[in-house]
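Engineer: Spelled out from the first residue to the last, the chains are:
There are 2 protein chains.
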Amino acid sequence: MIKGIKFSGIESGIKAKGLDLGLVLFEEDMHCFAAYTRNRVKAAHIHYNKNQDIDAIRAILVNSGCANACTGRHGIEDLISISDKLSSALGIKNNQILFASTGVIGKRLQKDLIIRNIPELLANLDENNIDAFANAIMTTDTFQKIVKFSFEGKKEYTLIGVAKGAGMINPLFATMLVFLFTDYPVFPNAFSQYFKRCVKETFERITVDGECSTNDTVMLFSKKGHEDNSCVDKFKDTVFKAMKELSLMVVKDGEGATRVIHINIKGAKNKNIAEKIARRIATSPLSKTAFFGCDPNWGRFIAAAGDAGVPLDPDKVEIVLEGVTLAKNGMEIPFDEERLKHLMNKKDIELIINLHSGKASFDIFTTDLTYDYVKINASYRS
Amino acid sequence: MIKGIKFSGIESGIKAKGLDLGLVLFEEDMHCFAAYTRNRVKAAHIHYNKNQDIDAIRAILVNSGCANACTGRHGIEDLISISDKLSSALGIKNNQILFASTGVIGKRLQKDLIIRNIPELLANLDENNIDAFANAIMTTDTFQKIVKFSFEGKKEYTLIGVAKGAGMINPLFATMLVFLFTDYPVFPNAFSQYFKRCVKETFERITVDGECSTNDTVMLFSKKGHEDNSCVDKFKDTVFKAMKELSLMVVKDGEGATRVIHINIKGAKNKNIAEKIARRIATSPLSKTAFFGCDPNWGRFIAAAGDAGVPLDPDKVEIVLEGVTLAKNGMEIPFDEERLKHLMNKKDIELIINLHSGKASFDIFTTDLTYDYVKINASYRS
Chain P
1 MIKGIKFSGI ESGIKAKGLD LGLVLFEEDM HCFAAYTRNR VKAAHIHYNK NQDIDAIRAI
61 LVNSGCANAC TGRHGIEDLI SISDKLSSAL GIKNNQILFA STGVIGKRLQ KDLIIRNIPE
121 LLANLDENNI DAFANAIMTT DTFQKIVKFS FEGKKEYTLI GVAKGAGMIN PLFATMLVFL
181 FTDYPVFPNA FSQYFKRCVK ETFERITVDG ECSTNDTVML FSKKGHEDNS CVDKFKDTVF
241 KAMKELSLMV VKDGEGATRV IHINIKGAKN KNIAEKIARR IATSPLSKTA FFGCDPNWGR
301 FIAAAGDAGV PLDPDKVEIV LEGVTLAKNG MEIPFDEERL KHLMNKKDIE LIINLHSGKA
361 SFDIFTTDLT YDYVKINASY RS
Chain G
1 MIKGIKFSGI ESGIKAKGLD LGLVLFEEDM HCFAAYTRNR VKAAHIHYNK NQDIDAIRAI
61 LVNSGCANAC TGRHGIEDLI SISDKLSSAL GIKNNQILFA STGVIGKRLQ KDLIIRNIPE
121 LLANLDENNI DAFANAIMTT DTFQKIVKFS FEGKKEYTLI GVAKGAGMIN PLFATMLVFL
181 FTDYPVFPNA FSQYFKRCVK ETFERITVDG ECSTNDTVML FSKKGHEDNS CVDKFKDTVF
241 KAMKELSLMV VKDGEGATRV IHINIKGAKN KNIAEKIARR IATSPLSKTA FFGCDPNWGR
301 FIAAAGDAGV PLDPDKVEIV LEGVTLAKNG MEIPFDEERL KHLMNKKDIE LIINLHSGKA
361 SFDIFTTDLT YDYVKINASY RS
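Chains P and G are the protein sequences, given in the same order.
Mapping of the first sequence onto my numbering: residues 1 to 382, in sequence order.
Mapping of the second sequence onto my numbering: residues 1 to 382, in sequence order.
Since the hints were derived computationally from the structure, they do not count as laboratory data.
Take the hints with a grain of salt, since some may be wrong.
As the list claims (entries may be wrong) - DSSO-like mimics (lysine-lysine), calculated; alpha carbons at most 27 Å apart, straight line:
#, chain 1, residue 1, chain 2, residue 2
1, P, LYS17, G, LYS341
2, P, LYS347, G, LYS375
3, P, LYS375, G, LYS341
4, P, LYS269, G, LYS42
5, P, LYS266, G, LYS42
6, G, LYS42, P, LYS316
7, G, LYS375, P, LYS252
8, P, LYS154, P, LYS234
9, G, LYS15, P, LYS341
10, G, LYS341, G, LYS328
11, G, LYS341, P, LYS15
12, G, LYS266, P, LYS42
13, P, LYS328, G, LYS15
14, P, LYS50, G, LYS328
15, P, LYS276, G, LYS42
16, P, LYS347, P, LYS266
17, P, LYS42, G, LYS328
18, G, LYS224, G, LYS276
19, G, LYS111, P, LYS111
20, G, LYS3, G, LYS223
21, G, LYS276, P, LYS42
22, G, LYS223, P, LYS328
23, P, LYS375, G, LYS375
24, P, LYS200, G, LYS107
25, P, LYS107, G, LYS316
26, P, LYS375, G, LYS252
27, P, LYS276, G, LYS200
28, P, LYS266, P, LYS154
29, P, LYS341, G, LYS107
30, G, LYS328, P, LYS107
31, P, LYS252, P, LYS224
32, P, LYS111, P, LYS15
33, G, LYS17, P, LYS341
34, G, LYS148, G, LYS252
35, G, LYS223, G, LYS276
36, P, LYS266, G, LYS200
37, P, LYS347, P, LYS276
38, G, LYS111, P, LYS316
39, P, LYS346, G, LYS375
40, G, LYS359, P, LYS42
Full structure from sequences and hints, please.
Structural biologist: Right, here's the structure in full:
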């Protein structure tokens, strides 16, 4: 709980059933730091939010069930209508509200339905109601994603984070929405670079199916005021820890996933090479089906690495899976396949590939590719 | 049948069962034109072939069941041993033989087994035995891929093509091997650029799972002598037609595929943009599962396009699936979902995306992503 930050989550009817509309209300003006999808097709809320007063935010409204993407100017007009009504109900300015959406692309937001539900949303607000908010933004997530940390400065501060992960919607594709809230008073100029770096090192280090949503959003809301110099580093560490933990929860709950694979590329000439190879393996269907099948089929990993579009000397490559060396100098080292199969049959696996060509490294977390991924995403929408 | 070109295919024991070793013998020296995988990890046969006398080729030996990739210098030494024995058995020079392999990566070729089988391979040679050869190079292909064309010049010429497609091996990943044979006497300098362009416009226009094999090989063998100027264009057209037809057979037989999707990107500012977007959609798991599920979920296509790493103006995008317009100006046009679902439920589907930003276009053929793809590739190797 953070004093002055209230949550609500209700069933408005956007989705056929279940909670689908969440509101966070801030008692005082908050700074907002935001990172959005790199997809060239961006949802309406992303275009809308960029024109609001991000140093005096009082509320964020989030819906599931409709992405409000590919809705053109209508999508933005709908948000303006909602914002007008919600701001008068709250007694704030209409540029003090932000939005986020997740759901089916190409359908317009049911703005009248949402406006009709404002009284219930407000009645539901409570400092202890983050569970309802977390549920309202979930789609096919199989578990709630909330983290909470405290740290000491001149007083005790709290940071709470909530996320929805890689679940399909109705069914559409995975969108990641993440919201972090803290009563720590951030000095925005100094922090915004750090915020971006944290996003890069956490949420941009996970992948489920290599797909990039039109709606991905990460936001951190902080109180305003004089920064507490006694705990700047503690605050920064806490932000990173919260993002890292939420990102791992998101990948763990990836669509159909039975395990999380931590891919670690080492010994690269530079970080770009390590990153390209890590991302290529992390999105390789043949590597991901091998993880599902507990098959220590290292040829698939090295073949994906060779197809990453960066220089690679195959004759130097060393591959270590769950601590067992499968290949060295690009050739197989005899190993016990049955034992490996057993070692791979768990929730978390580590794959280390050493290129022996330099000192740079890059790591990423991915899921396996399973029947359930196909099932979830091949079901007809209706 | 082409006079002077003999085929054989036998069961040597490399695979647990079935034909796994094929030989083509040429009565006279042939030119060989070859294109190999762009993967940085390349099978031994690719390194080996580059050092042979490609203007006087007399035989090609192809095995399935073992990729002979990631086998280091051993892999090449094994081919040298086999070539020594096979060339003396045939009474030719040892640099007149080429090789191709497909199968599991990281395992050495059983050279002694292959050498022991040379007499049977030779006994099996026959101008009419292309079926056995085609079967010997197959892995999990569900049908044989052979094409045959004739064309008239000063005499009648023949072009025969044979391919193995995107079937996993034992199970490893899809390798494409393609061999074309003709009695037309090609002038090599003029033809080699055209050959490369044909490969680019046919085999590089298909994808099953976006994976690039260490072993991919396309070879065309032609007779030597004075080119028949009366039918150069007919010959060139025939080469293109044969490659196009084989490439479509390969994608149709993609692992687990139930349908082939022809993706056509139009109205792009330049061809590179059209190609990047076409390839991004063709390898997008969410687009491919939508095709499997007969879901006209156009939001997935536009989201993949937006993630292709090239400029895109979402507000201009038009999407037409099986002749029905789903979206215009980046927004949904009301359509009958049930009818669309029905239209999508067939073997061949066409998706046209018009970017309305220029005149360039690019097309590619892909498969859907199905349970069977996961099944085939998640099965344990043993």
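Engineer: Let me make sure I understand: some of the numbered hints might not hold for this structure. Which ones are they, in numerical order?
Structural biologist: 18, 19, 22, 24, 28, 31, 35 and 36
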